[in-house]
Amino acid sequence: MKNENLYNYILGIADNSLILGQRLGELTGHGPNLETDIACTNISLDLFGQVRSYFQYAGKIAGDGRSEDDIAMLRKEREYKNVLLVEQPNTNFAYTIARQFLFDAYHLAFLKELQKSPDLTLSAIANKCVKEVSYHERFSSDWVRRLGDGTEESREKMQEAINDLWMYTDELFHQTEADKAVVAEGIGVDVTNLKTAYYAYVAEVLEEATLEVPETKYFQKGGKNGVHTEHLGYILAELQYMQRTYPNMEW
Amino acid sequence: MTITEQHIDDILIPILEEVSDPEIPVLSIMDMGVVRSAKLIDGKVKVEITPTYSGCPAMDVIGDDIKTALKKAGYEAEIDLILHPAWTTDWITPRGRKALEDYGIAAPLEADADKAVLLEGKRLVKCTNCGSHNTRMVSQFGSTACKAQFQCDDCQEPFDYFKCLK
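Chains as they are written, first to last, in my numbering: chain R, 1 to 251; chain U, 1 to 166.
The shape of chain R in the complex, shown without the other chains (with noise of 0.2 angstroms):
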């Protein structure tokens, strides 16, 4: 492939939001209360048309014929660069929460950077998906505050989630060969310009919140490089049921 980096890197960006998107598409039905579960499911929604707009471009720089729906579905555990956070279970509604709003807090500050790319496919995608992004994180920022400064009970629960997802936050700064060769032609976002932003911008969350900022400094990695946790394995199998069952099928 000629653009084998451009490649790796929107598949980096689009396969967070897949997966993040089909973990939201489990509520569906599911939410703690009618309005939740609609929100998590209209998020999904975003997530995954999102996701096309990527994989389209992905498959016309592979141009080999390749589909968004065989970029989607077709490939193994291993070929997929999510983070590791976007992969974590929704456990409680505490822990979805905490997920949504340590992911929207990256990604919101990521698009904005994403709209500057002299890559003209790339910089209109992010122009689309920053205003949809902003919604989520008004809602998961929301609802971390909510939860916070609630109950006693749900301040215990979201302190929890936070703290046992922390581990996964450092990751969404590290960058993959094909980041940093994407970086150094001045198409991609460099991550790591964004994390003092980041972290500084949770913690002023978690302190309206009235959450604490775990102390931990050990951090979890690989999911870019596609070593995942085994959650991935359980997400595909559903993710991908049809086109391995059903093999060239059409939605």
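Calculated directly from the structure, the hints in this document are not laboratory data.
We put the CB at the ideal spot given by N, CA and C, even for glycine.
Treat the hints with caution; some may be incorrect.
[To be verified] So these bits of chain R aren't anywhere near chain U, every CB distance computed over 12 angstroms:
hint, residue
1, Y135
2, Q159
3, D170
4, E171
5, E230
6, E238
7, M249
[What the hints assert, rightly or not] Below are the DSSO-like pairs computed for lysine-lysine, each with C-alpha atoms no more than 30 angstroms apart in a straight line:
hint, chain 1, residue 1, chain 2, residue 2
8, R, K60, U, K98
9, U, K126, R, K131
10, R, K131, U, K115
11, R, K112, U, K122
12, U, K44, R, K112
13, U, K166, R, K195
14, U, K166, R, K60
15, R, K131, U, K166
16, U, K98, R, K131
17, U, K67, R, K60
18, R, K116, U, K115
19, U, K39, R, K60
20, U, K71, R, K131
Starting from the known structure of chain R, arrange chain U on it as the hints suggest.
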């Protein structure tokens, strides 16, 4: 001409005005602002549409409906989905806003007001049933990607609010 303007051949306007949003049937795709250009070139029509939200499932249907409407009028059509410039609620025409209100969906406010309504709980959205501004947000996500759920505290009517997108 700016890129945010629509470029549509006059002869095609009445045909496209007959095509409506499948989820909000009172709103034509022209009043919605999703048709960015439509040009008749050598007997074939090239139409560019832009999605309201990335995941909006109505876009595929809208593309098909445009093709069908143009075919009825004797034109073959080709649909392109474009992302830039990104759709904004500012492109909904005054006629479109009125159609939304009549249908029971409150039209989008200005960006600042939208934020105040969704985040700070300000009561600025007019109830589509009784006209009162004594309304509150129930959830910032609703039955479709573009709507939030509201309720009126005077007449108790629940209704949809079309979220502002800038």
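Handout entry: Numbered hints the structure breaks, given as an ascending list
Key = 1, 8, 12, 20
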